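Engineer: Taking the hints into account, I'd like the entire structure generated from these sequences.
Residues in the first sequence are numbered consecutively from 1, following our numbering.
Calculated from the structure, these hints are not laboratory results. Predicted model, so just to flag it, every value in this text is computed and none were measured. Any given hint could be a false lead.
[Claimed, not checked] Here are the simulated distance ranges between beta carbons:
| hint | residue 1 | residue 2 | range |
| --- | --- | --- | --- |
| 1 | D28 | K228 | 36 to 46 Å |
| 2 | N138 | K228 | 22 to 32 Å |
| 3 | E83 | G162 | 23 to 33 Å |
| 4 | G288 | E111 | 17 to 27 Å |
| 5 | G174 | G49 | 44 to 54 Å |
| 6 | G213 | D275 | 33 to 43 Å |
| 7 | G191 | R158 | 14 to 24 Å |
| 8 | A45 | G163 | 19 to 29 Å |
| 9 | G49 | D275 | 35 to 45 Å |
| 10 | A188 | E53 | 44 to 54 Å |
| 11 | K228 | G162 | 36 to 46 Å |
| 12 | G163 | K228 | 45 to 55 Å |
| 13 | A281 | E111 | 19 to 29 Å |
| 14 | P142 | M1 | 23 to 33 Å |
In this text, a Cβ means the ideal position worked out from N, Cα and C, and glycines have one as well.
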Amino acid sequence: MIFEGVKDFSLEHIFECGQAFRWKKMEDGAYAGVAGGAYAIAAFAPESGRPHEGRLTVRAHAPEGGRTEGHGRLAAAPAESREFWAGYFDLARDYGAIKRRLAASGSAMAEAVAYGAGIRILEQDPWEALISFIISQNNHIPRIRGCIENLCRHFGERREYGGDEYFTFPKAEGLAEALTERGIDALAPCGLGYRAKYIAEATRQVIERGGEGYLEGLKRQRFEEAMKAITSIHGVGPKVASCVLLFGLGKREGFPVDVWIARAMKEFYGIGENDRAAAEAYAKEHFGDAAGIAQQYLFYYARSQK
DNA sequence: GCCCAGGCACTCA
DNA sequence: TGAGTGCCTGGG
1 MIFEGVKDFS LEHIFECGQA FRWKKMEDGA YAGVAGGAYA IAAFAPESGR
51 PHEGRLTVRA HAPEGGRTEG HGRLAAAPAE SREFWAGYFD LARDYGAIKR
101 RLAASGSAMA EAVAYGAGIR ILEQDPWEAL ISFIISQNNH IPRIRGCIEN
151 LCRHFGERRE YGGDEYFTFP KAEGLAEALT ERGIDALAPC GLGYRAKYIA
201 EATRQVIERG GEGYLEGLKR QRFEEAMKAI TSIHGVGPKV ASCVLLFGLG
251 KREGFPVDVW IARAMKEFYG IGENDRAAAE AYAKEHFGDA AGIAQQYLFY
301 YARSQK
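Structural biologist: Shown next, in the form of C-alpha cells:
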C-alpha cells in the first residue's frame, strides 16, 4: 500500500531511535520487520530536496487476515490494512507543528528536533511494548533485539514470506501456558537473565487481569491511572512504564527518563542526573502534552553525541 | 577476556 | 524517604 505526501518522516530516524526492536535495515535502505502479526517491508522515497517528505510504501504479509486480538482501534484493524499502518506510523499527526512548538522551547531542543526531524512515535502493541521494555532494562540494544527474537522464535508463530521465515510476537496466553507447564525454565533458552522472572510475573499478572485486552483497555484510562496500573506489575518501574504508555498506549505526556535522557537533561538544562522528578517537571512545564515526543528527539540526539 | 548496558527490587539508615 | 547495592549475560 502507498501513502503519498507523507511529511516529517524518516524510516532510519523512526527505527533507529530505540522505540522498536524488531525492524532491520536492508541493503536498499528499506526496513523489514514484524508488527501486528504481519511481516512487513517499509520503504520511503523522499522528494528531491526534501529528505523527510515523500512516498511511504508498505508491503505487509499477514496470513489468516492478520487480525490481532484485543479491543483497541488498531487491534481491530487487519495488519494488511491501510488503517493499521497509518495508525502504526502515526501518519495523522502533524509532527511539523509539534516540532515547531518544541524547538521554540530552547536551542538544545531545536538542535535535537533538527537532528531527528523524521522521528515519529510508533503506535505499537501494548503487550509487546510491555515485554520488550522489561527486557530493555540494564541491557544493550543489540542484546535486547536478540532476546526479543529468541522469545518470538520459541513462543511465537512461525510463518514464511517469500523465502524468509519470521516469527510473530508471542501471545500472552501462549506464554502463560508454557510458563504454567514448564515453569520459568521455559524462558531459559531466550537468555533473558534475571529479567526472565519479571517476564514470567508480568505475564501472570496480565493474564490475571484479563489478558492483552486488559492492556488495550488502559488506552481509555487517564495517564496517571494507566501509569499506576502498569507500575504495579512486578519488574516494571517508572522508566519501563513510561515507555509502555508512550509506545504502547498512545499516552504522549509521559517522559521516560533513562541514562541518556538524564545525561541530556544535565548537559542541556543543568538538571542532576539522579533527579528524575526535576527532569519530569521540566518536561511537563516546557514540553507539555508532547513530552514523550520531545523525549524521543532528545534520546536520539543524545545518543548521537555520545 | 573484560566491561557494562535505555532499571528494578530490595535493604538499611 | 533516600541512597546504596546486587543482578543475568552476551555484544562490543
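Engineer: Determine for every hint whether it applies to the structure shown.
Structural biologist: Hints, verified against the model:
1. D28 / K228: 36 to 46 Å: Holds: the Cβ-Cβ distance is about 45 Å, inside 36 to 46 Å.
2. N138 / K228: 22 to 32 Å: 23 Å, holds
3. E83 / G162: 23 to 33 Å: 24 Å, holds
4. G288 / E111: 17 to 27 Å: At roughly 20 Å between Cβ atoms, E111 and G288 fall inside 17 to 27 Å, so the hint holds.
5. G174 / G49: 44 to 54 Å: 48 Å, holds
6. G213 / D275: 33 to 43 Å: Check passed, 37 Å falls within 33 to 43 Å.
7. G191 / R158: 14 to 24 Å: With Cβ atoms ~19 Å apart, the hint holds.
8. A45 / G163: 19 to 29 Å: 25 Å, holds
9. G49 / D275: 35 to 45 Å: Roughly 43 Å apart at Cβ, these two residues keep to the hinted range, so it holds.
10. A188 / E53: 44 to 54 Å: With a Cβ separation near 47 Å, A188 and E53 satisfy 44 to 54 Å, so the hint holds.
11. K228 / G162: 36 to 46 Å: Given range 36 to 46 Å: holds, Cβ gap about 44 Å.
12. G163 / K228: 45 to 55 Å: Given about 47 Å between the Cβ atoms, the range holds.
13. A281 / E111: 19 to 29 Å: 22 Å, holds
14. P142 / M1: 23 to 33 Å: 31 Å, holds
Consistency note: the structure conflicts with none of the earlier hints.
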